[in-house]
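Turn these sequences into a full structure, and let the hints guide you.
Here numbering that gives the first Met the number 0 is used: the first residue of the sequence shown is 0, the next is one more, and so on.
Quick caveat, the hints were computed from the structure, so don't treat them as lab data. Watch out, some of these pointers could steer you wrong.
[What the hints assert, rightly or not] Here are the simulated BS3-like cross-link-like pairs (lysine-lysine), alpha carbons at most 27 Å apart as the crow flies:
| hint | residue 1 | residue 2 |
| --- | --- | --- |
| 1 | Lys-314 | Lys-363 |
| 2 | Lys-218 | Lys-493 |
| 3 | Lys-382 | Lys-153 |
| 4 | Lys-257 | Lys-273 |
| 5 | Lys-204 | Lys-52 |
| 6 | Lys-368 | Lys-456 |
| 7 | Lys-339 | Lys-350 |
| 8 | Lys-477 | Lys-166 |
| 9 | Lys-305 | Lys-178 |
| 10 | Lys-305 | Lys-452 |
| 11 | Lys-165 | Lys-129 |
| 12 | Lys-302 | Lys-456 |
| 13 | Lys-178 | Lys-368 |
| 14 | Lys-330 | Lys-354 |
| 15 | Lys-204 | Lys-493 |
| 16 | Lys-477 | Lys-128 |
| 17 | Lys-178 | Lys-330 |
| 18 | Lys-204 | Lys-166 |
| 19 | Lys-178 | Lys-452 |
| 20 | Lys-350 | Lys-204 |
| 21 | Lys-456 | Lys-305 |
| 22 | Lys-55 | Lys-128 |
| 23 | Lys-458 | Lys-302 |
| 24 | Lys-257 | Lys-302 |
| 25 | Lys-26 | Lys-330 |
| 26 | Lys-55 | Lys-217 |
| 27 | Lys-305 | Lys-257 |
| 28 | Lys-330 | Lys-368 |
| 29 | Lys-305 | Lys-354 |
| 30 | Lys-354 | Lys-339 |
| 31 | Lys-323 | Lys-368 |
| 32 | Lys-458 | Lys-388 |
| 33 | Lys-259 | Lys-305 |
| 34 | Lys-52 | Lys-350 |
| 35 | Lys-85 | Lys-128 |
| 36 | Lys-165 | Lys-204 |
| 37 | Lys-382 | Lys-314 |
| 38 | Lys-382 | Lys-458 |
| 39 | Lys-259 | Lys-302 |
| 40 | Lys-62 | Lys-218 |
Since this is a predicted model, take the numbers as computed values, not measurements.
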Amino acid sequence: MVTGNLAYKLQTKEVEIPNPLAPDPLKYTSVGLSEVLSNNTRLEASAFNLDAKAAKYRVEHCKYGYVHLWGENGLIGNAYVRGRFKRIYVDRAEGIPFYQPASITDVYPQPARYISENTDVDIAALKVKKGMLLMTVSGTIGNCSIVGRTLDGKVFSHDMLRLTGKKEIDTGYIYAYFKTAIGQQLLQNNNYGAVIQHIEPEHLKNIIIPDAPDLIKKKIHDLVIESYDLRDQSNELMDEAERILYQELNLPPIEDLKPKYFDEHVNLRNYTTKLSRLDLRLDCSYHTPEISAILDVVQGNAKEIKRIGDCDVSKEIILAGRFKRTYVDDKNGIPFFGGKQLLELNPSNIKYLSKDQHENRITKELYLKENMVAVTCSGTIGKVNIIPKHWENWALNQHVMRIVPASNDIAGYIYCWLNTEYAYRLIVRNTYGAVVDEIDDRHLSNVIIPILKNESKQKEINDKVLQANELRYQAYLKEQEAILIMNEIINDLK
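Take a look at the structure:
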């Protein structure tokens, strides 16, 4: 038989291709009246979804039994949120650093704004204390953090849950539980709200948690606390590296710079720029007096000025192209995230990019390597991070540029400089776009980087940053070990 002709091939049965736009299979279950009554007579389907019922079954039948998270025999000693208040925002020099709940997942949270001491609220009551567990309760709910030295005594917004365990070991144990898929499933099933999801402290009374022996709880708690202690050590090294950089360049706090205007006698900001600094940019925001003041003070105190794109600073600056993404499960893809999660130790809401469909692009543009420096270039411009070891061979989306350092001898110094307030303003001055802010690799390559007169100090800065980055990797491993033990408890059924 001739099988190579077209007529024969047309007879072969075509393989059906799944429709990616097809709706998910219908899920349904029965709900007893007792379940409705015990769940505050809630009737929305999300309060009784199948995944949550399966998660609840696992906890109910785990080896060590279970208790309700908050109750007579529960693990929570106290849980509360603060009342709303009208805020008075002021400049940094005049105000108190004010943190938003969204920042608690960052490895080094930074204040979003500064509020006045005259704000009509009990400032002391808004401060968090070392050892507390913090949780987001609106918008994206269930993100958790433990207060270590970095956040101790910091003022947070009212809309964040503050939680402590009855015993000291309970706090880290609860944290690890909410870091598991089962813990999150049970927590998410207790939210309400048609548009903005929200939970109240009382919802914790409905959540069950495995009641492991104190010895196991202590092991998990200690691992979590060790993880946060390593993060604190990392942040302290980063602070020390930046302090040395400021000292060597004689940089004052950026708000102390005094920009010079063309005519200060009129009630209008007006200024000129030199032709040598025009850079073919005619937009005023590129040439503000503040930028001129920054360039003058940096150039006046450095040994020499280089550009990020210089070959002895970086090998390459990678800006990935836009592409249609194909997501798969975690077994067949690589972890893929974006600029929103860039400052987190363990990025949340990770998706998995298909290796088969995007192999070339992943290899050439998306793969991450330890000590690369990442800079957001779309939407929120200028967020900077140095890639830790556990992100090796993960992928970032096209909204984040990657700087490949010339060597590890300068990788930490690049990050330290770009993470300063001075470099931030030099980055964002390049912003363009009428709707969505953008910069590209050409802009980043032209951002200056000062080379210090004291080479040993520059090396010290570089080494401290790399050491801090290694500590973050160790912190990640400690947290993952705690989560692994917690998953083993949940999956060890009777």
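Hint by hint, here is what the structure shows:
no.	hint	verdict
1	Lys-314 / Lys-363	holds (14 Å)
2	Lys-218 / Lys-493	holds (22 Å)
3	Lys-382 / Lys-153	holds (22 Å)
4	Lys-257 / Lys-273	holds (18 Å)
5	Lys-204 / Lys-52	holds (17 Å)
6	Lys-368 / Lys-456	holds (26 Å)
7	Lys-339 / Lys-350	holds (13 Å)
8	Lys-477 / Lys-166	holds (21 Å)
9	Lys-305 / Lys-178	violated (43 Å)
10	Lys-305 / Lys-452	holds (13 Å)
11	Lys-165 / Lys-129	holds (15 Å)
12	Lys-302 / Lys-456	holds (12 Å)
13	Lys-178 / Lys-368	holds (26 Å)
14	Lys-330 / Lys-354	holds (10 Å)
15	Lys-204 / Lys-493	holds (24 Å)
16	Lys-477 / Lys-128	holds (22 Å)
17	Lys-178 / Lys-330	holds (20 Å)
18	Lys-204 / Lys-166	holds (17 Å)
19	Lys-178 / Lys-452	violated (46 Å)
20	Lys-350 / Lys-204	violated (31 Å)
21	Lys-456 / Lys-305	holds (17 Å)
22	Lys-55 / Lys-128	violated (32 Å)
23	Lys-458 / Lys-302	holds (14 Å)
24	Lys-257 / Lys-302	holds (23 Å)
25	Lys-26 / Lys-330	holds (24 Å)
26	Lys-55 / Lys-217	holds (24 Å)
27	Lys-305 / Lys-257	holds (25 Å)
28	Lys-330 / Lys-368	holds (21 Å)
29	Lys-305 / Lys-354	violated (37 Å)
30	Lys-354 / Lys-339	holds (23 Å)
31	Lys-323 / Lys-368	holds (23 Å)
32	Lys-458 / Lys-388	holds (21 Å)
33	Lys-259 / Lys-305	holds (25 Å)
34	Lys-52 / Lys-350	holds (24 Å)
35	Lys-85 / Lys-128	holds (23 Å)
36	Lys-165 / Lys-204	holds (14 Å)
37	Lys-382 / Lys-314	holds (21 Å)
38	Lys-382 / Lys-458	holds (24 Å)
39	Lys-259 / Lys-302	holds (25 Å)
40	Lys-62 / Lys-218	holds (17 Å)
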